[in-house]
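What follows is the residue order along each chain.
Number of protein chains: 4
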Amino acid sequence: MNKKLKIVTIGGGSSYTPEIIEGFIQRYHELPIGEIWLVDVEAGREKLEIVGNLAKRMVEAAGIDCQVHLTLDRRAALKDADFVTTQLRVGQLDARIKDERIPLSHGLIGQETNGAGGLAKALRTIPVILDICRDMEELCPDAWLVNFTNPSGIVTEAVIKHSRIKCVGLCNLSQSMQRMVAEILGVDKSRFLLQLVGLNHFLYGTHVYMDGKDVMPEVLKNLKYDSAHKPKNIPDIPWLQEQIQHLGVIPCPYHQYYYTTSDVLENQLHDYKEHGTRGEVVKAVEHELFELYKNPDLHEKPKQLEQRGGAYYSEAACELISAIYNDKNLLMTVNVRNNGAIRSLPDNVAIETTCVIGRYGAIPLNNDALPSTVSGLVSVMKSWEEMAVEAAVTGSYGAALQALTLNPLVPSGKVAKQVLDELLEAHREYLPQFFRA
Amino acid sequence: MNKKLKIVTIGGGSSYTPEIIEGFIQRYHELPIGEIWLVDVEAGREKLEIVGNLAKRMVEAAGIDCQVHLTLDRRAALKDADFVTTQLRVGQLDARIKDERIPLSHGLIGQETNGAGGLAKALRTIPVILDICRDMEELCPDAWLVNFTNPSGIVTEAVIKHSRIKCVGLCNLSQSMQRMVAEILGVDKSRFLLQLVGLNHFLYGTHVYMDGKDVMPEVLKNLKYDSAHKPKNIPDIPWLQEQIQHLGVIPCPYHQYYYTTSDVLENQLHDYKEHGTRGEVVKAVEHELFELYKNPDLHEKPKQLEQRGGAYYSEAACELISAIYNDKNLLMTVNVRNNGAIRSLPDNVAIETTCVIGRYGAIPLNNDALPSTVSGLVSVMKSWEEMAVEAAVTGSYGAALQALTLNPLVPSGKVAKQVLDELLEAHREYLPQFFRA
Amino acid sequence: MNKKLKIVTIGGGSSYTPEIIEGFIQRYHELPIGEIWLVDVEAGREKLEIVGNLAKRMVEAAGIDCQVHLTLDRRAALKDADFVTTQLRVGQLDARIKDERIPLSHGLIGQETNGAGGLAKALRTIPVILDICRDMEELCPDAWLVNFTNPSGIVTEAVIKHSRIKCVGLCNLSQSMQRMVAEILGVDKSRFLLQLVGLNHFLYGTHVYMDGKDVMPEVLKNLKYDSAHKPKNIPDIPWLQEQIQHLGVIPCPYHQYYYTTSDVLENQLHDYKEHGTRGEVVKAVEHELFELYKNPDLHEKPKQLEQRGGAYYSEAACELISAIYNDKNLLMTVNVRNNGAIRSLPDNVAIETTCVIGRYGAIPLNNDALPSTVSGLVSVMKSWEEMAVEAAVTGSYGAALQALTLNPLVPSGKVAKQVLDELLEAHREYLPQFFRA
Amino acid sequence: MNKKLKIVTIGGGSSYTPEIIEGFIQRYHELPIGEIWLVDVEAGREKLEIVGNLAKRMVEAAGIDCQVHLTLDRRAALKDADFVTTQLRVGQLDARIKDERIPLSHGLIGQETNGAGGLAKALRTIPVILDICRDMEELCPDAWLVNFTNPSGIVTEAVIKHSRIKCVGLCNLSQSMQRMVAEILGVDKSRFLLQLVGLNHFLYGTHVYMDGKDVMPEVLKNLKYDSAHKPKNIPDIPWLQEQIQHLGVIPCPYHQYYYTTSDVLENQLHDYKEHGTRGEVVKAVEHELFELYKNPDLHEKPKQLEQRGGAYYSEAACELISAIYNDKNLLMTVNVRNNGAIRSLPDNVAIETTCVIGRYGAIPLNNDALPSTVSGLVSVMKSWEEMAVEAAVTGSYGAALQALTLNPLVPSGKVAKQVLDELLEAHREYLPQFFRA
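Residue numbers (UniProt numbering), protein chains in the order written: chain W, 1 to 437; chain Y, 1 to 437; chain G, 1 to 437; chain P, 1 to 437.
If we strip away everything but chain W, and leave its shape as in the complex, we get:
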């Protein structure tokens, strides 16, 4: 790899693009990128134009020797790529709003990566991602696919099961957890290793090694998630301390959906009534961001992007790409093929866990067997994800209904079926696998 790198970002018209561009600029000294291709679809043409021009101005201002290309021709972009990142959203924010609104309208949690909304997003996204993989197998078979399209774990599993492309699924959650542990211990995050294992958005901390000792008991005793340590899209609801203390491991912020389901639902229903869905809020924020991006005098990532939520995502992507390229043996928590890392799950599913990253890719660190307090829950969560992948790939209505039945956020029965039917109908144009002639 001594030529300059070609990087392709699919969903290049995303409001996050300035972040990833900034990440590449900051790492240019160790990551010699020659070309960045931003790809989008017709529906995203205008956004691609706006954010792509900002990207060009950023690169130019940085004075690095790198070309930014904007295109709707995905295959042209993929030809001979070294790394492909995906930040696409099938159906744009309007689809997300439906994913949130339909479950909420039936009194269920409405969230874009969890519950019924997560299923709908998976059903729309997986066929597109697998299409991209088909193109990559032909045009850049040795490139790495760095996925941060949600639901990241389910999407990664689809690639693992149905493509030969090397894929790593990213999430920024592990970084929030590291920051919280650092604060509890009162030390810099370089001083300890937080070992993590589970599924995407369903991740547990199992060990905290500091100076050769496992200080987990100390950390657990002082565990707290306040607004500083949780993603913006998760409501600020107190955990049940007795329940959490009994876990023996550190839950992740998203676990609130599962450990305080009734409270999150109450909060969401209230918010929904008052402010509409989170997707609608985001849509307004995005609109403002794009207004900013249009400014021809803007040559850097605007501060406001950080309030968008989802920060550190692009940071993680750039870090990962650099760790692979520079063979860094970096420890990072990503989504990969299980292969025995969680012994109670099948080999060929996606899990999220601390991996060592280098030119060889991402190899999970050895994990203890999951404690009995969480092992069963991880198994049933993986089951619903497996059903979601099956439904997305085959268009099986039974598999989709099974997925919702297994999902702990969706009460099974008539309600589940009705929500599923409405979601399928609402996204009909993106779900050809369910509506074949």
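Because the hints were derived from the structure by calculation, they are not lab data. There could be a bad hint or two in this list.
Below, simulated EDC-like cross-link-like pairs (lysine to aspartate or glutamate); rule was C-alpha separation at most 16 Å, straight line [stated by the list, open to error]:
id: 1; chain 1: W; residue 1: K98; chain 2: W; residue 2: E422
id: 2; chain 1: P; residue 1: K328; chain 2: W; residue 2: E422
id: 3; chain 1: W; residue 1: K328; chain 2: P; residue 2: D327
Derived coverage of chain Y by chain G (criterion: at least 3 residues anywhere in the stretch with Cβ under 8 Å from a Cβ of chain G; other residues may be distant) [said to hold, decoys possible]:
id: 4; segment: 336-344
id: 5; segment: 355-361
In this text, a Cβ means the ideal position worked out from N, Cα and C, and glycines have one as well.
Fit chains Y, G and P to the given chain W structure using the hints.
Chains Y, G and P alone, transformed into the frame defined by chain W:
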């Protein structure tokens, strides 16, 4: 074993006692019982008197050489027993009514063996059962404990984990499933083997062997639970056919709580409003039964008992005892130590599965790995049961809250905690492990 | 199954045939056999004639309504069969003699089912058995294949992996072990259950249940194999008591090859020098038997057959067939698909273990995890068997050499390679898979 | 850890000491060692004096700020140590000579870490190492034990099972394998990752990642061990190419003992006749080395030490210590607790595998399930090691005999027992656990 057998029935004042007495009378030619001891506690003294005298009349009328003893002195009864059956109910029907009423009053499913009610029943029952085991270890260490006190699987697990007494947990559910399959196939149940595996009240049919072939596909296609094939206490609600067809295995009647949760809940809330809880209905039925039992001219099990629900329970107990005594190699579905029979669960938990029964006890038949459609759900159900056993034995509030958090019928969070607090308070007198000074 | 049964015995010209005929005659009241077809190949024509005519005289003398057919046309025999038994020997006794002689000539153990000789026998036999399966799939797809062709475990595994025919592999070893335990306990074998698990000719007793208790410690303490409890073909060599006592389980007679390898070898080399190989001894015995069989006044199995070794084999076959036909739930130790019964081995291999037998076939009883004293040895033995099956099916020289390398009775290296080369050459005519043009 | 480090080397009188001293000197810029304590026993007093003085001269000549202490008082040395390395040899080289000579005299392979010799060495060494651990638990409970006393895997397992001290077991074999792969690929070893898994001296290469691709097939095709890539103590014997090619993984040099047993034995018996045992050769080399060490003008590791065999051992130890101290995330192949890294083995045994090394210790990378060609062999090898640990800790004769019975290099039976008896007798003074009054 050439002496005559001594059988002890704990909870002997139960309205079911005539059924088990009938079972012993019918098997007297192969099961030479010399003594039957009916034991109860002070609170059950009157019922014991009534039903015990009926038992005496039944035995006398049958003309068999067997003594029936009524006693409140458990240790005297247990001395040198061969088989001990348990059909006790800690706190009597009033406790059951609370188990149903408290969850329902918070909008949750209220049922005596599932969900929050099942937890409360386990917390009350396990200490009593383990006390009995302590006595047995001293007074009849080689006797078999035949448990049909609910929640049967959880209670059996407590005995497996915390006693050396040989224990088999019974349930009559497998017989309903056999009858349904027999009807679907249009043959007598002796013509096929329905292989079953799972947990108590959470049991799946995995194979139907007829004439050396597995006819499962044919059975699945015609699967139906109507009122003829489900226990009386389960509401008559349609299954979601697409979901069930996708399972690849036969669910049990109790699975309706898990596969159509919202519909069962709606039905329960409606019934609760109209008729009160199931426990209240049963209480009335019981009252009538005991009025009948008082009749000094009654010398046999009255027909009305069959409408009580729970039929075939005593039948199963007698069948099991005879299979052990006569070394029958009978195939029967019971609750036993897992020991690898379900590979995804720990060795030392209780499972329910088809076993071969003989003088050696109950040995599970080899099972396939559970299909991915149900494996995760079985794991999380076993997790909640494990937490329930831990809570019952240690009095850990955290374990009890964890149990409810994992239970798919209870939404986690404030509601779960509140229901738990109310249940603990309501049953305070039976839960010394939670209210130590 | 209300028609009369058709039974086919392949290798019908074997000297054992009178035993299986006697078994069928004795069970005629419960096993309504209408036709017995004895099949052999051209090389066995004369023997088939002799023993087949004896069979006819036996059936006639018994006065049962059953036809005995003799044929070289296997396909005609298989048409619509209910049970097919295999007792064939590819290459007849001359091949066996080579299997023993070639290893011995290099200073290795020479035995027909273990070590290098066992590999050669597997390589010759498996292609023939799979050919029979192909015919059965076409002509009698629902028939049971009851294999007692050695090496029985390896042959059964080949059928499991490469055919859809239902197959049970038999061995008479478990019966020797039962007799020994009965003698140690001083009770009839109906009084206890000896639970067995392992591989064919590599079987361990793990539990001895008597009157509901596991009396294994008592049995182990008094363990002894003397000439009464071991097959005739195993030398009478003392076990190392300290080593056996440390096992914690009961070894089988064939384990002497593995636990006292040097002593067995010494004994074999001595015998070989004095008397030639075991195969040569057997050949002489067989010659005498066939002389007896020719006697037209003989109408029953001659006593001398019992000295032949291998007694109880046909007994086991008849018992198995009757247990299946009559749905007996008989506990019997046979070779079947593992399917998790030994957890440390793959699902799709053959193991030998106590099964319950009925119309559904043979289902293994649940086993404990193997103790660490024997688990590794069972794993490496299964590995060599897996390599043997692979070599037999594909003709891979590497797999065959791997098999010998893994086999504990064959020192790896040049010697193994030389023995393999000589065996392949010696049996060239029966090994087309290794000598394709 | 901002104070200067205290390092203790037990068996400090070893001829290898100059190598480890050189390693510390070379890393002084990153590894601020303040004190090195060389500890030995009375029998090693003279050697300790000689090599210890050389060590002092080396440190002085290097001009680093570090004290070298020589002592026979182990407890004084261990007080507050940061790292403890062990390179002791219980019974010195004379014991090794017996370990080689006794098996050879019975026609068995005689080697210090494999077969019967390896067992004897384990039995002598483990009690001493566990004594050291007892001291460490009291005097420096947070120190790392870096073991390179052979048999390294078995010794490490004893520590894992019977002590709370953090222990990493070293071997230099993985470096030979890396050099061989580098030569086959024609690239520097920094260009690829050779992933290794197995047991100490029984290690397999499972993946060779170069530039993100697994190039294992290419490496396997060109596999060769010639004198450049194998330890000096392993004879130069050709591998069986067909057998090795069929493995699908890369064996380690020591695998020759297992894959060409008869050839190694022949070679050893020849060498033994001609030159005596390897131990005797080494003894002569050591004598010469100590003569050199006495030279007061020698201030550096003499070249001749590299011919001693066992080179790179100390290199590995220094590298490991620095990786821990500097939190390097170094990938290195060491012996650690299995914990699921090899799924077919128990959690609490020692395995050797590629780990990531940092302040948290050594965490294994995730491994594939072992291929069926080697999985069984690894299991039986681990079984013998488990028995060896049990025998060493408990003094059980049965466990020791079991260990030899399972070991593929020792034919079971009378010979094994005789060799065991002679070894126990010969080492009687070092085996108090076997000779308690």
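Quick rundown of the hints versus the structure:
1. W:K98 with W:E422: holds, 10 Å
2. P:K328 with W:E422: violated, 53 Å
3. W:K328 with P:D327: Satisfied, since the Cα-Cα distance of roughly 13 Å is no more than 16 Å.
4. 336-344: n = 4 at 8 Å, threshold three: holds.
5. 355-361: holds (count 5)
Checked against the numbered hints given earlier, the structure breaks only hint 2 and satisfies all the rest.
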